[in-house]
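Residue numbers (our numbering), protein chains in the order written: chain A, 1 to 113; chain B, 1 to 493.
To be clear, the hints were calculated from the coordinates, so they are not data collected in a lab.
Relax, there's no trap hidden among the hints.
Listed next, the in silico DSSO-like pairs over lysine-lysine satisfying Cα-Cα at most 30 Å (straight line):
(1) B:Lys10 <-> B:Lys484
(2) B:Lys15 <-> A:Lys9
(3) B:Lys432 <-> B:Lys45
(4) A:Lys9 <-> B:Lys484
(5) A:Lys9 <-> B:Lys10
(6) B:Lys15 <-> B:Lys484
(7) A:Lys85 <-> A:Lys9
(8) A:Lys85 <-> A:Lys4
If the Cβ cut is set under 10 Å, some of the chain B residues that face chain A in the computed set are:
(9) Ser4
(10) Arg7
(11) Thr238
(12) Ala241
(13) Arg243
Cβ coordinates follow ideal geometry from the N, Cα and C atoms, glycine included.
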Amino acid sequence: MSDKLFLMKPGFTNAGLGPFYCGDSVSVEGLLGFFPALRDMIAVTYIDFPRPRQAIIDLIGEANQSVPVLVLADDATIPPGMDVKMAEGRRFLDDERHIRQYLSARHALPTAG
Amino acid sequence: MSASDARRRKERVTKQLAWFHRWLGIVTCLVFALWFASGAVLLFKPFPSLPRGDQLTLERPVAVGVVAVSPAQAMAVAGGGDTLRLVQRGAVPAYIVGTAKGAVPVDARSGVRLPPIDQATAAAIAARLGAASAVAGPAFDYDQWIVHNRFDPLRPFFRLDLHDAAGTQLYLSARTGELAQRTTRRDRGWNWVGAVLHWAYFTPIRSSFTLWDRTVWFLSLVALLVAVAGTILGVIRTLAAQRQRRPALTFYRLRWMRWHHLLGLFASGFVLTWILSGWLSMDHGRLFSRGHAPDAALARYARQSLPAAVMPIRPETFTRYGTARELSFTAVGGSAIVTAWQPGGTVVRAFADGAPLDAGRVAALAGRGIAAAWPGAPVPPSRAVPATDTYALAEGWPATALLFAGVPGVRPDIVVNGTDGQILTVLDRSRKAYAWIYYALHTFNFPGLTAHPLLRRIIVFIPLMFGFAFSITGVVIGCQRLRKTLFPQRRVK
Chain A
1 MSDKLFLMKP GFTNAGLGPF YCGDSVSVEG LLGFFPALRD MIAVTYIDFP
51 RPRQAIIDLI GEANQSVPVL VLADDATIPP GMDVKMAEGR RFLDDERHIR
101 QYLSARHALP TAG
Chain B
1 MSASDARRRK ERVTKQLAWF HRWLGIVTCL VFALWFASGA VLLFKPFPSL
51 PRGDQLTLER PVAVGVVAVS PAQAMAVAGG GDTLRLVQRG AVPAYIVGTA
101 KGAVPVDARS GVRLPPIDQA TAAAIAARLG AASAVAGPAF DYDQWIVHNR
151 FDPLRPFFRL DLHDAAGTQL YLSARTGELA QRTTRRDRGW NWVGAVLHWA
201 YFTPIRSSFT LWDRTVWFLS LVALLVAVAG TILGVIRTLA AQRQRRPALT
251 FYRLRWMRWH HLLGLFASGF VLTWILSGWL SMDHGRLFSR GHAPDAALAR
301 YARQSLPAAV MPIRPETFTR YGTARELSFT AVGGSAIVTA WQPGGTVVRA
351 FADGAPLDAG RVAALAGRGI AAAWPGAPVP PSRAVPATDT YALAEGWPAT
401 ALLFAGVPGV RPDIVVNGTD GQILTVLDRS RKAYAWIYYA LHTFNFPGLT
451 AHPLLRRIIV FIPLMFGFAF SITGVVIGCQ RLRKTLFPQR RVK
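Kindly generate the complete structure, drawing on both the sequences and the hints.
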């Protein structure tokens, strides 16, 4: 299994407010914009705002539906200092800063300055 | 309906609720702020009044020695009536007959109907009240301090300026010659930012009861709906914020919206309480009983008409009342009661034939009247109502109020004025509920607090200030939204 990245589909409404985009997803989206080849190396899914977000639940359970989230490949090597979480037997990152750091390290991309 | 359809519908309803809360909130936010601020003033400074005891002290004694007309003759001259009093109207003792068309003054010496008091007579009355006192001008129907409809039977009025250090002004009824209202400079100043604002007692509106009643009732209802919508939205959005990756009470980042949401979560309980009870204060019989006895029950309570009851009363007997400031005549349980009101509010009572009538006999007559008006079960003995009783405060009963406990299915509790036997309130279940839902909720006059006015004021004042701060956040975001809508080219930060 390759790394699976879940980002929020923009233009959602929440409690009668919006449309919004996800402020945390947008920095990961920026990384994808800078380095489009990254999209071919990982599986990117844009998920709808309303819960339950089934595609995520199927992988890491109902308690971990927040986005952005990167569900790591089984053979992923994690750089030190990252807050890796575990659910349903899978490791994942749900901090957008750590997601960018991990992708930069894994795919030899520049890092945030 | 699929889950996504249900979600879309929920979003649509929430958006409609937000639209309603935003735009009607813009209309009412300043009103909310003024209600909270003026409520805080009103808590410490009530609307001016001339207490009954003070009024009686200020009035001249009735010249009972020259009264030649009997109460029955006076009522006949007026064409009948529901109430009858004898007062000193300037230099003339006069009967005041209360009729459906207003108070009719009848000269107690000659039996002729009297025209309104002229300015010279008013000036003479003013001179008696103080060396510097003077009539402010010709008689008039309304000003800010006599705008309540309870003054209607007494209009027009002269204003008497005492020119004392307190800036005291008294209102003299040109119709009855009685003093009806008193204000001081301090009262007037505070009440402009207190009761007048809080109750929308602006003369052009309040002078028409119907206009005032409908305007304030409708405004309060809209404000209530705005508050309900805001509370629902506040909860929905807090629940949404709780579902965020980093759960919070609010997801608003703009400062004033954030404060409005956070303060609203805290304040919504008492905002809803006050706006609901405030709206109900304008009920005036729409949803709850008014506490009035039906005309038929009143007639049975008296057991004879007032003109018939006062028939045996001879004016020569009035001399025994000496310095009385007013004689009132009532019919209770088949007897006429003559009540002579003394300075300070104490009374001397008698039957129609002049025989003394003590408080116990008044209560007995009232019990007889109640048995006739609401037959079907014996009437238990009355009991005095404590001045700190929530119902007493809600209804404004005098300290002499007597409560006759009701019998389920036969009659409600009946409260009678122990002084003259008149029914004060038919305290049915609806009226009791009203006292709790409107009065107690609005003023916090709950048992335990009624006897501790300072504590009650502190307990009311603190949430009032939170409510005011919350309303101000509404005013600010309302202005921001209006500016954004009306001047879209200017960014609102």
